[in-house]
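Enquirer: Quick note, the sequences are listed as chains E and Y, same order.
Using the numbering used here, you'd call the opening residue of the first sequence number 1 and step up by one each time.
Using the numbering used here, you'd call the opening residue of the second sequence number 1001 and step up by one each time.
I should point out that these hints are in silico values taken from the structure, not numbers from a laboratory.
The beta-carbon is built from N, C-alpha and C at its ideal position, and this holds for glycine as well.
Honestly, I wouldn't trust all of these hints.
Taking beta-carbon pairs under 7 Å as the criterion, some of the chain Y residues facing chain E (in silico) [what the hints assert, rightly or not]: (1) Pro1085; (2) Ser1111; (3) Asp1114; (4) Gly1119; (5) Asn1127.
In case you want the letters, here they are:
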Amino acid sequence: MFYREAGDFKLSYVEDSQTFPIRFDRYRYFAVLAVAYGVIPFFVNDYWANAILLPFLIYAIAAIGLNILVGYCGQVSLGTGGFMAVGAYACYKLMTAFPDVSMFIHVLLAGGITALICVLFGLPSLRIKGFYLAVATLAAQFFLVWLFNRVPWFYNYSASGQINAPEREVFGIIVTGPNAPAWATYMFCLIFVTFCAVVARNLTRGTQGRTWMAIRDMDIAAEIIGVSPLKAKMTAFAVSGFFVGISGALFFSVYLGAVEVGEAFGINKSFLVLFMVIIGGLGSIFGSFAGAAFLVLLPVVLKVVGVDMLGWPTDIVAHFQLVIVGALIVTFLILEPHGLAQLWRVAKEKLRLWPFPH
Amino acid sequence: MLDQSDSYVTEDGRTIGPVVMEMKNITLRFGGVVAIKDISFDIREGEIRAIIGPNGAGKSSMLNVISGFYVPQDGEVLFHGKKRPPMRPYEVARQGIARTFQNIALFDGMSVLDNVMTGRLNYMKTNLFQQALWKGWAEKEETENREVVEKIIDFLEIQAIRKTPVARLPYGLKKRVELARALAAEPKLLLLDEPMAGMNVEEKEDMSRFILDVNDEFGTTIALIEHDMGVVMDLSDRVVVMDYGKKIGDGTPEEVRNNQDVIDAYLGVSHD
């Protein structure tokens, strides 16, 4: 009823392959963009930016990156935390070495460097699959964290072993460091999220996406129709690494400001992003956003409900969060392996007919 | 006897050209098992060439040798008269050889349209950055290839299911989609591994018609493995018969039908 395709005729193949084929979806998408760019920056304060918006945006980029690798190309990775650390440290080194260059360039370069490292650690995927690949990427996770801890060059020989984001500007507006205004950090991340989501969508709807999905669904048949497995897997690792690197750079420079590598980019981070992808939906860009929003909002909502409304002790609520996330992952894996994105898809199918049964 | 470069016209008016693919003394072993033993045959341009034989005769192995999955221990594969070095399956695909599989090998997570579009991968020339931009090169390429794919979808009469996820389709349609994907590559040589296995009579008739139409309209050379003798005898121009990895017959359907070795292999022979 609300959500109809009837009368929405496609007259060309270009129209048929657009991102949002249904008119209602398209309008909704523009409405979300308008609110995100035109309304929120004027109302955002430090609490909203730091507790909800920044982590959501940054994790969404990481989830898109991991989703390309796991959801589209079928290569399991547990190294996301390590690769985010590469992005963070690359960004740190660039920021301190070239203080006058725009942060945009730094973050993009950090993404590029992470892409190269990711390809390097993706090489075993040519020989091994599934669980064994997961273990190989786990090695990358531990190695990278160890490397950033042990080699002082990476943290510029600082006494604490931490890296601290100095104040940097974009077009004269401060986006990093403690003096950055909330709206500026928000807008900075939002621009990267929009960029990453559009690029990811363009890649996945076209030739490259089909190549990745072919490798995921049946690698033998993919090879017989002319897919080079080496090229397909390496591009997936590169593109995924690029996004994850961007998210790591933003996570360090814009969101946290100071980072101790084992704490911020440990194995827990890898699992968190993987859970986002699983709960959100494998092989869906929207699912990456849904998963990131869900896992960022869950602790906030639990805190509001548990601590502020019911008056429970904080540590009990914190433990509850672990239990709930664990239970949800098991539930999703059993009931809906395609995650929130699939639930959304089913809801849309229903809405097409509602309130009529047929 | 025909020469390699000769061409002739069949009774139904099709022109069969010179030899495009020649297998010379192919031997393929898996450890101690000899799957293919010193087999030679050729495939001529524009013909429908059948490979038949009882189960385990080595037919699928032969197809896998042609499509590059297996590298034979002995013998040569000549494509357009040139010796083909051992190459990966995707390199073989780029030479214009497409195939279907005995047990369907479609991409289950994708729609029919996307599956058929993957068949066009070798024609996609835009790089990663052009595709990330989408507008311009990538969109133009997508549209051009979509037009080709839509023609094949029309040809195989699967318009109604083009947006359906492949996993939801019944068996017969899956086989047809797989044929569509192979055709989308516009192959010079099309290999079909049991295209009619597990089909009922109507589906077999449909598939036979498609195979003949493909051969007729696109001039595609076809090599197929099939167990239904009626189909093989009706469709093919020449037949290779294999048994226990050896070639026991080669010729027109009539010649093969009257070959004593072939009759023995299929009907059995008394050892007294």
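Enquirer: Now tell me, hint by hint, if it's right for this structure.
Expert: A quick look at each hint next to the structure:
The criterion of a C-beta within 7 Å of any C-beta in chain E is not met by Y/Pro1085, whose closest approach is roughly 17 Å, and the hint is violated. The beta carbon of Y/Ser1111 comes no nearer than 10 Å to any beta carbon in chain E, farther than 7 Å, and the hint placing it at the interface is violated. For Y/Asp1114, the suggested interface contact is upheld, since its CB lies about 6 Å from the closest CB of chain E, less than 7 Å. Taken as an interface hint, Y/Gly1119 checks out: its beta carbon lies about 6 Å from the nearest beta carbon of chain E, inside 7 Å.
The beta carbon of Y/Asn1127 comes no nearer than 9 Å to any beta carbon in chain E, farther than 7 Å, and the hint placing it at the interface is violated.
Violated hints, in rising order: 1, 2 and 5; the structure is consistent with all others.
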